Amino acid sequence: MQREAFSLSETELLKYQPNRYPFLLIDRVTEVVPGKSAKGYKNLTNNEWWIPVHFPGDPNMPGCLQVEAMAQMLTVAILTTPGMEGKIVHGYKHAGTFHQEVRPGDRLDMEAEILSFRRGLCKGIVKGYIDGGLACELESVIIIPDVFNQFRPKNADDKMQEGNSHD
Amino acid sequence: MTEGIREGKGEPIRNLDIRGIMQYHNCKYPCLMIDHCEEIIPGKYARAVKNFTYNEWFFPGHFEDDPNVPSSVQLEAMSQTLLMTFLTIPGYEKAKTACLRINNVEFKRKIIPGDRLVLTAKLRTFRGGVAVGTVEGHVGGQLACRSDYVMGIPEEIERYKPRSIGDKE
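Chains as they are written, first to last, in my numbering: chain A, 1 to 167; chain B, 1001 to 1169.
Derived from the structure by calculation, the hints contain no laboratory data. Quantities reported herein were computed from a predicted structural model and do not represent experimental measurements. Treat the hints with care, since some could be wrong.
Unchecked claim - Pairs of lysine to aspartate or glutamate, EDC-like flavour, derived with a Cα cap of 20 Å:
{"hint": "1", "chain 1": "B", "residue 1": "Lys1122", "chain 2": "B", "residue 2": "Glu1038"}
{"hint": "2", "chain 1": "A", "residue 1": "Lys154", "chain 2": "A", "residue 2": "Glu139"}
{"hint": "3", "chain 1": "A", "residue 1": "Lys15", "chain 2": "B", "residue 2": "Asp1065"}
{"hint": "4", "chain 1": "B", "residue 1": "Lys1110", "chain 2": "A", "residue 2": "Glu12"}
{"hint": "5", "chain 1": "B", "residue 1": "Lys1028", "chain 2": "A", "residue 2": "Asp58"}
{"hint": "6", "chain 1": "A", "residue 1": "Lys15", "chain 2": "B", "residue 2": "Asp1066"}
{"hint": "7", "chain 1": "A", "residue 1": "Lys123", "chain 2": "A", "residue 2": "Glu113"}
{"hint": "8", "chain 1": "A", "residue 1": "Lys15", "chain 2": "B", "residue 2": "Glu1064"}
{"hint": "9", "chain 1": "A", "residue 1": "Lys39", "chain 2": "A", "residue 2": "Glu12"}
{"hint": "10", "chain 1": "B", "residue 1": "Lys1110", "chain 2": "B", "residue 2": "Asp1066"}
{"hint": "11", "chain 1": "B", "residue 1": "Lys1108", "chain 2": "B", "residue 2": "Glu1136"}
{"hint": "12", "chain 1": "B", "residue 1": "Lys1110", "chain 2": "B", "residue 2": "Glu1076"}
{"hint": "13", "chain 1": "B", "residue 1": "Lys1108", "chain 2": "B", "residue 2": "Glu1155"}
{"hint": "14", "chain 1": "B", "residue 1": "Lys1094", "chain 2": "A", "residue 2": "Asp58"}
{"hint": "15", "chain 1": "A", "residue 1": "Lys36", "chain 2": "A", "residue 2": "Glu12"}
{"hint": "16", "chain 1": "B", "residue 1": "Lys1122", "chain 2": "B", "residue 2": "Glu1011"}
{"hint": "17", "chain 1": "A", "residue 1": "Lys39", "chain 2": "A", "residue 2": "Asp109"}
{"hint": "18", "chain 1": "A", "residue 1": "Lys87", "chain 2": "B", "residue 2": "Asp1065"}
{"hint": "19", "chain 1": "A", "residue 1": "Lys127", "chain 2": "A", "residue 2": "Glu31"}
{"hint": "20", "chain 1": "A", "residue 1": "Lys15", "chain 2": "A", "residue 2": "Glu85"}
{"hint": "21", "chain 1": "A", "residue 1": "Lys87", "chain 2": "A", "residue 2": "Glu12"}
To be verified - To be clear about the criterion: a stretch of chain B counts as covered by chain A if any three or more of its residues have a C-beta under 8 Å from a C-beta of chain A, and this derived list gives those stretches:
{"hint": "22", "segment": "1020-1030"}
{"hint": "23", "segment": "1049-1057"}
{"hint": "24", "segment": "1064-1070"}
{"hint": "25", "segment": "1106-1114"}
To be verified - Covered stretches of chain A, as calculated for chain B (at least 3 residues, CB under 8 Å):
{"hint": "26", "segment": "6-13"}
{"hint": "27", "segment": "25-31"}
{"hint": "28", "segment": "36-43"}
{"hint": "29", "segment": "52-65"}
{"hint": "30", "segment": "87-94"}
Cβ coordinates follow ideal geometry from the N, Cα and C atoms, glycine included.
If we strip away everything but chain A, and leave its shape as in the complex, we get (with noise of 0.2 Å):
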């Protein structure tokens, strides 16, 4: 496994992350040290989608985007590992923590640290930061279905319709 720290530019991870607009909520990997932590950020600016109505007169950044940042932090650790390259994830558990609002103007630093990744079952914890304070915290946990599925444990029915294959 490859476990030399490098950074991406939006380009390149263009190709690891097969989220796009409007939902691709990094900017920059500062540093990713495949199948163990990424660091990054995303910049806020006025110019987004949730603006107007988040809320209007007082636009900050929804706990949910919040998170959603935060859990593709943790996916892009995930995806650099050799084979995993633009592979769908999906959530499986987040507990999320806000301690304070998010504004646009603002620089979110996102720092993710895997705990376990095991047949395709990912555990790990993403911390945000603006400006050095601690701003959201999630606690996660992630599955890569592609990988996942085939570690499933197998019921009866599936079993039945293998053999019915078999025919």
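Once you've looked at the hints, dock chain B against the given chain A.
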């Protein structure tokens, strides 16, 4: 940055966030291209910041495999910074503006998602509803774009326009 600039009209304004900008500015999403004003001397000078993030409407199309900021968006960000120098003069809040002339435009480097554009606008003259000024944009201390602007407040210009003979009678 403010050395050599004479005192403007009104008190200097510092650290104006989005809610503050919207008190002076008519632009709204998806055409508001500045995020934060660090310093404004009304009638003289303004310094603003625009963060670029991939989550903006022009990046998927410009270009799909190589997102970078269109030059027209840079022009808009620069002109909105210049607007902040004279819309903050008491009495001109939320005035509707028009761009009359853009000269000497230069784009020096590619701006990509994740960059932070720091814009400095200097207003040279503001008379009869016509503003003349220069704006520069820097990314990471490097000059990224610059331009000279002539902008106007059409309502104000109308008041100063010489009347034709027919009107006088």
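Cross-check of the supplied hints:
| no. | hint | verdict |
| --- | --- | --- |
| 1 | B:Lys1122 to B:Glu1038 | 14 Å, holds |
| 2 | A:Lys154 to A:Glu139 | 29 Å, violated |
| 3 | A:Lys15 to B:Asp1065 | 9 Å, holds |
| 4 | B:Lys1110 to A:Glu12 | 16 Å, holds |
| 5 | B:Lys1028 to A:Asp58 | 13 Å, holds |
| 6 | A:Lys15 to B:Asp1066 | 11 Å, holds |
| 7 | A:Lys123 to A:Glu113 | 9 Å, holds |
| 8 | A:Lys15 to B:Glu1064 | 12 Å, holds |
| 9 | A:Lys39 to A:Glu12 | 15 Å, holds |
| 10 | B:Lys1110 to B:Asp1066 | 11 Å, holds |
| 11 | B:Lys1108 to B:Glu1136 | 11 Å, holds |
| 12 | B:Lys1110 to B:Glu1076 | 16 Å, holds |
| 13 | B:Lys1108 to B:Glu1155 | 35 Å, violated |
| 14 | B:Lys1094 to A:Asp58 | 18 Å, holds |
| 15 | A:Lys36 to A:Glu12 | 19 Å, holds |
| 16 | B:Lys1122 to B:Glu1011 | 16 Å, holds |
| 17 | A:Lys39 to A:Asp109 | 8 Å, holds |
| 18 | A:Lys87 to B:Asp1065 | 18 Å, holds |
| 19 | A:Lys127 to A:Glu31 | 15 Å, holds |
| 20 | A:Lys15 to A:Glu85 | 7 Å, holds |
| 21 | A:Lys87 to A:Glu12 | 15 Å, holds |
| 22 | 1020-1030 | holds (count 4) |
| 23 | 1049-1057 | holds (count 9) |
| 24 | 1064-1070 | holds (count 3) |
| 25 | 1106-1114 | holds (count 3) |
| 26 | 6-13 | holds (count 3) |
| 27 | 25-31 | holds (count 4) |
| 28 | 36-43 | holds (count 3) |
| 29 | 52-65 | holds (count 4) |
| 30 | 87-94 | violated (count 0) |
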